[in-house]
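Enquirer: The sequence shown lines up with residues 58 to 162 when you count with this note's numbering.
Hints should not be assumed to be uniformly reliable.
Below, computed lysine-lysine pairings styled on BS3-like, alpha-carbon distance capped at 27 Å [said to hold, decoys possible]: (1) Lys117 to Lys129; (2) Lys136 to Lys162; (3) Lys161 to Lys105; (4) Lys158 to Lys136; (5) Lys129 to Lys105; (6) Lys149 to Lys162; (7) Lys117 to Lys162; (8) Lys158 to Lys129; (9) Lys158 to Lys105; (10) Lys117 to Lys136; (11) Lys149 to Lys117; (12) Lys161 to Lys117; (13) Lys105 to Lys162; (14) Lys117 to Lys158; (15) Lys161 to Lys149; (16) Lys117 to Lys105.
Hints listed in this document are in silico derivations from the structure and should not be mistaken for laboratory results.
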Amino acid sequence: MYKKAIILVMLSSILLVLVLVRVHTTAPVNNTNTKSNDFSEYTTVEYKITNINGNQYYGKGDDGTEIRFSDKNILSGDKIQVHDEVICYFEKNNLGRGLVKVEKK
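Just need the whole structure built from these sequences, with the hints factored in.
Expert: Okay, structure coming up:
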C-alpha cells in the first residue's frame, strides 16, 4: 500500500513539473520583433491571425512565434478576421502572462 502511495506522489510531482514547464514555454519568448522603448509601459508584438475558433483567435508572428487570445482582449471593438494583422500589447517585462490588449493594425 505504501509503495503505491509513494509511486502516486512521484508521478503526480512529475506531471505537475511537466505542466508548469509547458505553461512557461508557450509564452512568446523570442522578442526580436518587439517594438519597445524604455519609456513605454507596454511591449508590442505584431501577429497575423491564422485561425478563429469561436471566441479564440490564433496568430503567428514573422519570427515564427504563435499566440492565442480570446475576444475579451480586443478592447478596440474592431472586427478581426483571418489574415488580419494585429498588435498585441504586453506588460513590460512580462511577455508570457501580461497580455493587456489587442488591436487591429
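Enquirer: Which of the listed hints are not met by the structure?
Expert: none
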